[in-house]
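> Sequence:
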Amino acid sequence: MKKIFLLAVLASGLAFGQAKKVVSSDVHWWGYKVAKSQASSHDGTITVKSGNIIMKGSEIAGGSFVLDMNSINATDVSGEMQGKLNGHLKNGDFFEVEKFPTAAFKITSVKKNNDKTYNRIVNGDLTVKGKTNPVSFPANVTVKDGTVTLTSDKFSFDRQKFDVAYKSSMKDVFVKDEIEMTVKVSAK
1 MKKIFLLAVL
11 ASGLAFGQAK
21 KVVSSDVHWW
31 GYKVAKSQAS
41 SHDGTITVKS
51 GNIIMKGSEI
61 AGGSFVLDMN
71 SINATDVSGE
81 MQGKLNGHLK
91 NGDFFEVEKF
101 PTAAFKITSV
111 KKNNDKTYNR
121 IVNGDLTVKG
131 KTNPVSFPAN
141 VTVKDGTVTL
151 TSDKFSFDRQ
161 KFDVAYKSSM
171 KDVFVKDEIE
181 MTVKVSAK
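Residue numbers for the sequence shown follow the working numbering, so the first one is 1 and each next one is one higher.
Please note: incorrect hints may appear among the correct ones.
What the hints assert, rightly or not - Okay, derived cross-link-like pairs now, BS3-like style, lysine-lysine, Cα gap no bigger than 25 Å in a straight line:
id	residue 1	residue 2
1	Lys112	Lys84
2	Lys161	Lys49
3	Lys112	Lys33
4	Lys184	Lys90
These are computed hints drawn from the structure, not numbers from a lab.
Every value quoted in this text rests on a predicted model; they were computed, and no experiment measured them.
Input sequences plus hints: build the corresponding full structure.
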């Protein structure tokens, strides 16, 4: 009976894939004013709070990541300016982190890509401020010594679809709707 149970457990693992826990991450974001230039932008980081990548053989079959919105940090400024910008991003003007402390991305599929640098297209559902929309991006996926690493190309999403809107009157027209990001996660 024990052998049958063990076989059933092994077979279900092969059918559904193996979950690997995220052990490191690097998420970078860029936001721009309407006149998109380096001088009219801000950029920074955000921390992956938790996550996993589901592997079926040597291919990604799924996964999910939780972003800690309280960790959003502008890295292009420092001191008092950095504190003000971080507070501004966290308050009701943009991400409302007191009400929505996390965001999430769930991988729905990963397809092969004919690009030598970014060998996969990752499709998934991004949830920010309680709103979920599909997001896709090219990524390089490698598997080495039991560790899977997913490194995205720079991609963008429309912040307005997630109700990430500058709440002050007329101010939203000065901020571009697209937020750009790069994501790198490793799971083991």
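> Between Lys184 and Lys90, does the CA-CA distance stay at or below 25 Å?
holds, 23 Å
> Between the alpha carbons of Lys112 and Lys84, is the straight-line distance 25 Å or under?
Given pair Lys112, Lys84 is violated - Cα atoms ~42 Å apart, limit 25 Å.
> With the threshold set at 25 Å, check whether the alpha-carbon distance from Lys112 to Lys33 stays at or below it.
violated, 34 Å
> Given the hint that Lys161 pairs with Lys49, does the C-alpha gap stay at or below 25 Å?
Holds, at about 23 Å.
Consistency note: the structure conflicts with the earlier hints numbered 1, 3.
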